[in-house]
Amino acid sequence: NVPVHAEQHDKLPLLTIPEILPCGHPCEVCRKIKGDENVLVFDHSYSKSKAEVDTSSEIQHASSSETPAKKDKPIFISSTPLKTDFQKCAVEPIFTPVHILDESFVSLTQEDDPEDVDYSLSVDQVESDSDNFENDISTCYTEEQKLIKEHKFIVFESAIDTLINKLKCNICECPVDPDDIVKDLSNGTVITITANCTSGHIVVKWSSQPFLGKMPVGNLLVSAATLFCGQTYSHISQFAEFCNLQYISHTTYNKIQRQCLMPVVQHTWSLLQEVELKKIKEQNRQIRLAGDGRCDSPGFSAKYCTYSLLDIETQYIITFVVVKVTETWSSSKMEVEGFRRCMTLLLDMGFRIEVLATDRHVQIRSIMKKEYPELQHQFDVWHLCKSIKKKA
Numbered sequence: 001n002v003p004v005h006a007e008q009h010d011k012l013p014l015l016t017i018p019e020i021l022p023c024g025h026p027c028e029v030c031r032k033i034k035g036d037e038n039v040l041v042f043d044h045s046y047s048k049s050k051a052e053v054d055t056s057s058e059i060q061h062a063s064s065s066e067t068p069a070k071k072d073k074p075i076f077i078s079s080t081p082l083k084t085d086f087q088k089c090a091v092e093p094i095f096t097p098v099h100i101l102d103e104s105f106v107s108l109t110q111e112d113d114p115e116d117v118d119y120s121l122s123v124d125q126v127e128s129d130s131d132n133f134e135n136d137i138s139t140c141y142t143e144e145q146k147l148i149k150e151h152k153f154i155v156f157e158s159a160i161d162t163l164i165n166k167l168k169c170n171i172c173e174c175p176v177d178p179d180d181i182v183k184d185l186s187n188g189t190v191i192t193i194t195a196n197c198t199s200g201h202i203v204v205k206w207s208s209q210p211f212l213g214k215m216p217v218g219n220l221l222v223s224a225a226t227l228f229c230g231q232t233y234s235h236i237s238q239f240a241e242f243c244n245l246q247y248i249s250h251t252t253y254n255k256i257q258r259q260c261l262m263p264v265v266q267h268t269w270s271l272l273q274e275v276e277l278k279k280i281k282e283q284n285r286q287i288r289l290a291g292d293g294r295c296d297s298p299g300f301s302a303k304y305c306t307y308s309l310l311d312i313e314t315q316y317i318i319t320f321v322v323v324k325v326t327e328t329w330s331s332s333k334m335e336v337e338g339f340r341r342c343m344t345l346l347l348d349m350g351f352r353i354e355v356l357a358t359d360r361h362v363q364i365r366s367i368m369k370k371e372y373p374e375l376q377h378q379f380d381v382w383h384l385c386k387s388i389k390k391k392a
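Each step along the sequence shown adds one to the number in my numbering, with nothing skipped, and position 207 is 207.
Hint data in this document are derived by calculation from the structure and do not stem from the laboratory. We put the beta carbon where it would ideally sit given N, CA and C, even for glycine. Treat the hints with care, as some may be off.
[To be verified] Here are the simulated lysine-lysine pairs, DSSO-like style, with alpha carbons at most 27 Å apart:
1) K369 / K324
2) K146 / K255
3) K205 / K183
[Claimed, not checked] DEER-style ranges, computed between Cβ atoms:
4) R285 / T251: 46 to 54 Å
5) Q259 / K149: 17 to 25 Å
6) K214 / K149: 20 to 28 Å
With the sequences and hints as input, model every part of the structure.
Here it is in C-alpha cells:
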C-alpha cells in the first residue's frame with residue numbers, strides 16, 4: 001500500500017475496492033484498505049476486468065488467503081500421453097529444487113528447530129537463498145557442462161504436435177497449417193520442425209536439441225554414455241528399437257567415438273598416469289607389480305590383447321599396452337609382447353621394480369629368468385589355485 005501525497009492526489013487515478021470482493025478471499029490487506037480512497041492500489045488483480053487479470057498474481061493471492069477460491073480448471077499439456085483425465089490432475093510445480101549439497105549431517109540449534117513453535121522462516125527468503133545459491137553454482141559451469149547438467153525428457157510426437165498446432169503467425173495472426181509442417185528425423189536423436197501458417201509464412205523453425213557446430217548434443221551424449229558405462233551399441237540400439245525411440249546409426253556412433261570420445265579417453269588416461277608415476281617418483285620407492293593379459297576372445301583366434309601392470313600398493317594400473325595380432329607371429333605371442341613392452345617402458349623411465357606377480361605363463365617365466373634375473377618373480381595365488389583345481 002502506497003500513500004499518495006496531497007499534491008499528487010489530483011494527478012493519479014484512484015481505484016476503490018468494492019464491498020463484495022470478486023476474488024472471494026478475506027484478504028487482510030483488502031479489509032484494511034477497503035473504502036479508503038486515499039490509497040492507490042497497485043497490485044490487486046481481482047479489481048481488474050477478467051481479461052486483465054494476471055493469473056500468477058491471482059494464484060499467489062489465493063494461496064495467502066484462508067478460504068480457497070474457485071478457479072477454472074487448468075489445461076494440461078504433457079510430453080507423454082496419460083491415461084488419467086488431465087482435468088483431475090492436481091496443480092503441482094513441474095520442477096522441484098534440487099539441493100546440490102547434502103545437509104543431513106548439519107545439526108539444528110534450538111532456535112532453528114522446525115518443531116519449535118517459534119520457528120518460522122519466510123518462504124520468499126528460502127526461495128531467494130536457494131535461487132542465489134543455484135545461480136552461483138551455475139556460473140561455475142561452462143556452456144558444455146550446462147548442457148550435460150540440463151534435464152532431458154522423452155517426448156512423444158503427439159505432444160509436440162499439440163504444441164505446434166497452438167502457435168500463430170506473428171505476421172498475419174493465422175494459425176499453423178497442419179498440412180504444411182515439415183519434420184526432419186534424419187539426424188539421430190534430434191527432431192527439427194518447420195511449421196508454416198495458412199498464408200505461407202514460416203511460423204517457427206525448431207529443434208529439440210542444441211547443436212555443437214553441426215552435431216546435435218544428444219547424439220554426442222548418448223554415444224558417450226554408451227561407451228563410458230561399458231555397454232555396446234547393439235544393446236542400447238535394441239533398447240531404443242523396442243521403445244520406437246529415435247537413435248543414432250552404428251556409423252554415426254563409430255564416427256563420434258573415433259573423432260570425439262577416444263581422444264578424450266586417451267588424454268584423460270595420460271594425465272592420470274602422469275600423476276601416479278609422479279607420486280612414485282616423489283616417494284622414491286620400489287614398485288611391487290601384478291601383471292596379466294586379456295584378449296578380446298578366448299582360444300587362438302584373438303585379434304587384440306591388452307596387457308596391464310598394476311601397482312599393488314595403490315591398486316592403480318600404472319601402464320598398459322594394446323597389442324594387435326598382426327604385430328606378432330600368432331595370437332599366442334601377443335601377451336608376451338605386451339608384457340615385454342610394459343616392462344621396457346617402466347625400466348626406461350628409471351623405476352625400480354621390487355617384485356612382479358604374474359600367472360604361470362611359460363614364456364613370461366623364461367623372459368624373467370633370462371632378461372630380468374635381478375627381479376623377484378612370483379606367481380599369482382588365484383591363477384595357481386585355478387590350475388591346481390583343474391588338475392584335481
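We went through each hint and held it up to the structure:
1. K369 / K324: Holds, at roughly 26 Å.
2. K146 / K255: holds, 24 Å
3. K205 / K183: OK: K205 and K183 at ~10 Å, within 27 Å.
4. R285 / T251: 46 to 54 Å: The hinted range 46 to 54 Å holds for R285 and T251, with Cβ atoms some 48 Å apart.
5. Q259 / K149: 17 to 25 Å: Roughly 24 Å apart at Cβ, these two residues keep to the hinted range, so it holds.
6. K214 / K149: 20 to 28 Å: holds, 23 Å
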